[in-house]
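For the protein sequence lines, the chains are A and B, in the order given. By the working numbering, the letter at position 257 of the first sequence is numbered 257, and the numbering carries on one by one without gaps. By the working numbering, the letter at position 200 of the second sequence is numbered 200, and the numbering carries on one by one without gaps.
Keep in mind that a hint or two might mislead.
For each label pair, taking beta carbons as the anchor points, the in silico distance ranges come out as [unchecked claim]:
hint, chain 1, residue 1, chain 2, residue 2, range
1, B, Pro2, A, Ala195, 23 to 29 Å
2, A, Gly110, B, Gly33, 56 to 62 Å
3, B, Arg272, A, Ser255, 29 to 35 Å
4, A, Lys108, B, His304, 49 to 55 Å
5, B, Gly275, A, Ser164, 44 to 50 Å
6, B, Arg307, A, Gly110, 45 to 51 Å
7, A, Ala251, B, Pro2, 45 to 51 Å
8, A, Val154, B, Arg307, 56 to 62 Å
9, A, Phe253, B, Gln273, 25 to 31 Å
10, B, Phe281, A, Lys198, 51 to 57 Å
11, A, Ala163, B, Gly33, 41 to 47 Å
12, A, Ala252, B, Gly275, 28 to 34 Å
13, B, Tyr346, A, Ala252, 34 to 40 Å
Read the hints as simulated data drawn from the structure, not as lab findings. Being a predicted model, the structure only gives us computed values, none of them experimental. Ideal placement from N, C-alpha and C gives every residue a C-beta, glycine not left out.
Residue-level listing of the chains:
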Amino acid sequence: MNIVVCVKYVPDAQAERTFNASDNTTDRENVDGLLSELDEYAVEEALKLAEAGEGEVTVLTVGPDSAADAIKKALQMGADKGVHVNDAAIHGSDAVATSLVLAEAIKKIGSVDLVITGMASTDGTMGVVPAMLAERLGLPAVTYASELTVDGGVATIRRDGDASTQTITATLPALVSVTDQINEPRYPSFKGIMAAKKKPVDTWSLADLGVDASQVGLDAAWTRVESFAARPPRSQGQIVTDEGDGGQKLAAFLSERKFV
Amino acid sequence: MPATRLMPTDEAAELIELTREICRKDLAPEVDGAERDHTFPEKAFRTLGRAGLLSLPYPEEFGGADQPYEVYLQVVEEIASVWMSVAVGVSVHSLTAYPLVTFGSRAQQEAHLPGMLSGDQLGAYCLSEPLAGSDIASMTTRATRSDDGTTYSLKGTKAWISHAGHADYYTTFARTADTGGRGLSTFLVPADATGLSFAAPERKMGLHCDPVAQVMFDGVTVDADRLIGEEGQGMRMALSALDAGRLGIAAAATGLAQAALDAAAAYAKERRQFGRAIAEFQGLAFLIADMEAAVTSARATYLHAARLKDAGRAFSKEAAVAKLVATDAAMKVTTDAVQVLGGAGYTQDFPLERYMREAKVTQIFEGTNQIQRLVISRQVLAG
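Same shape as in the complex, but just chain A (with noise of 0.2 Å):
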């Protein structure tokens, strides 16, 4: 079985993260990015199901030179090859863009039985991707799977609602997006850092993938950040001071913010 993983590259959560101040875009440059660990769940999964049977994980990202680093660390986990796709052109792509490059860059790939993602991002918290992909693909979608399993040519998956859980099936070539509750992602290991030294890393352009440049980038997008401030620091809370009257002063500040 073939399984494409796509990964996303994003800032660390933990850093100082803002927009590039000339074209209101994320800035990627000036922070330091990891594998987004929504990510990591897909990653894992596929590495699961290639472990249990024959198997083939192939790890795609679309993003700048900095994005190498989450094809890195989906090998070290133990994927076996990467797909860059890498194009100046791409800056600013909203994901009707990003999903039009991965869908071409799938093709490419050929022979796909299975598409896994994430659920969404973690920098632009978007998840409509996997959907996108999908439908550009011609494949069936079956999404926020936080239990997956593959046999005899069907892909069945656990969806947990509020209310229910469904269980959805889909014939292969399909593709699935997982939740952070479907599985616990492994750590590389040493012989996984230094397998993945070797292992092959394709980078490709827009040009590759036949993807004409008009297509993508901030002036394709379909949104774009007018504009952006930086969230001003907390202000100070409001005191109560307790002149026999405490506890109604602090039961009508709850009420008054409806949590009472």
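With chain A fixed as given, assemble chain B onto it according to the hints.
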């Protein structure tokens, strides 16, 4: 702030990254509760073992990572900056394979090392005895060879043994002849050996996740091929392993001091008195500067000794210097860090008082700092 590290290779830098990630995600959320409840950090060791971080300085062909001490020790330091008990455990565990790797026969290494270095097993190191601490040549635990020469029977009591009752094997020193230091030998004792038992853990001042207890050998019989090297080599193995082990403790103490410094600096920037952050008072800022100088020089000292060892040069004196400098630094820095936090530092709501308790033992174990001075002065004044 994280320590600035100049790693010798890309993979070494990636090992440090991996260590930091495991520490941040797995160890940091557990340490406070586990130290409070005296829980053995089995999951932490399992996670580190699976990542290959429990066997870094040993040959790749037996499951190690062939990493120089320079790299292995910085991994220990990173772990210590988050969880001192686990870092000490890693150092002790690493020591347990040292006699077999350095002195064992090829056949013994092939038989035992893959398991010991797999990351699934944890070792204990049985050297000290109730009446033989610094003076190891006076040990009385005895190993008697059977008449047909196929087995040894061990009898005696070992003291201050980390991982007692939790370990999978016990690297054990025992007397095979009444010739003082020349009569000691080293054995690899499996945890399920008949006659092996453990006393209740010592009630210690700190390092509560590092259970330490007496280990009793009551006629423990092991096959003769579990004698590492030859009879009489025990003292040499013990001393040479101690040189390496001292570097592990120096690195762990450095990490502990770094943790205390980081906590103190963060607090000093937040805590306001007289209308400004207390970090802006020079009396306090200079205290922080002295702490940074102590941590940085401790690190430089152990790395110097490690690089000598990695180059195959003599490093015994430098290892003793590193152990002395780094553990004294840890004591001073953790004490000063409590001072920076004032009353808060004295409470268990902050980890500083724990750091201070943990630092104390580093001046005692793996050779007291008085013994380090003995080692250093003898070498300086020799000839």
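Hint by hint, which ones does this structure get wrong, listed from lowest number up?
-> Hints 2, 5 and 11 not satisfied by this model.
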